[in-house]
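Please put together the full structure from these sequences, using the hints given.
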Amino acid sequence: MRSSTLYSLMRRTGETRVIKWRPEPVSVNTVWRLLKRYRRANAAVSVHETTDRQGTPLHVVHVHHGPIYDATDFCTDIFEIPTAALTDL
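Quick note: the sequence shown uses our numbering, first residue 997, plus one each step.
Honestly, the hints are just simulated from the structure, not real lab data.
Only a predicted model underlies this, so the values are computations on that prediction, with no experimental measurement involved.
Glycine included, each C-beta is placed from N, C-alpha and C at the ideal position.
One should not assume that every hint holds.
[Stated by the list, open to error] Quick list of simulated restraints, FRET-style, between CB atoms:
#: 1; residue 1: Arg1007; residue 2: Pro1053; range: 27 to 37 Å
#: 2; residue 1: Lys1032; residue 2: Val1056; range: 15 to 25 Å
#: 3; residue 1: Val1014; residue 2: Ala1037; range: 30 to 40 Å
#: 4; residue 1: Thr1012; residue 2: Ala1080; range: 14 to 24 Å
What follows is the structure, encoded as structure tokens:
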């Protein structure tokens, strides 16, 4: 199974800096489960088709959801999913 990449961002209430976590590999099945959960929670989910620097087609999924932790303004998750991984399902 091909891997996707997850980038997470969060901003705490009262702060201007955005906290970033290291990119994390996740399976496409995990991405599907997370996206279903986000949609049930009415998070803003948008999907964009693009290519990486080498020309490999991929889908970028941007999820913007409200505060899920105390003292946070927002949380954003960005998934990079190779298009070939979607056809493997």
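Outcome of the hint check:
no.: 1; hint: Arg1007 x Pro1053: 27 to 37 Å; result: holds, 31 Å
no.: 2; hint: Lys1032 x Val1056: 15 to 25 Å; result: holds, 18 Å
no.: 3; hint: Val1014 x Ala1037: 30 to 40 Å; result: violated, 21 Å
no.: 4; hint: Thr1012 x Ala1080: 14 to 24 Å; result: violated, 39 Å
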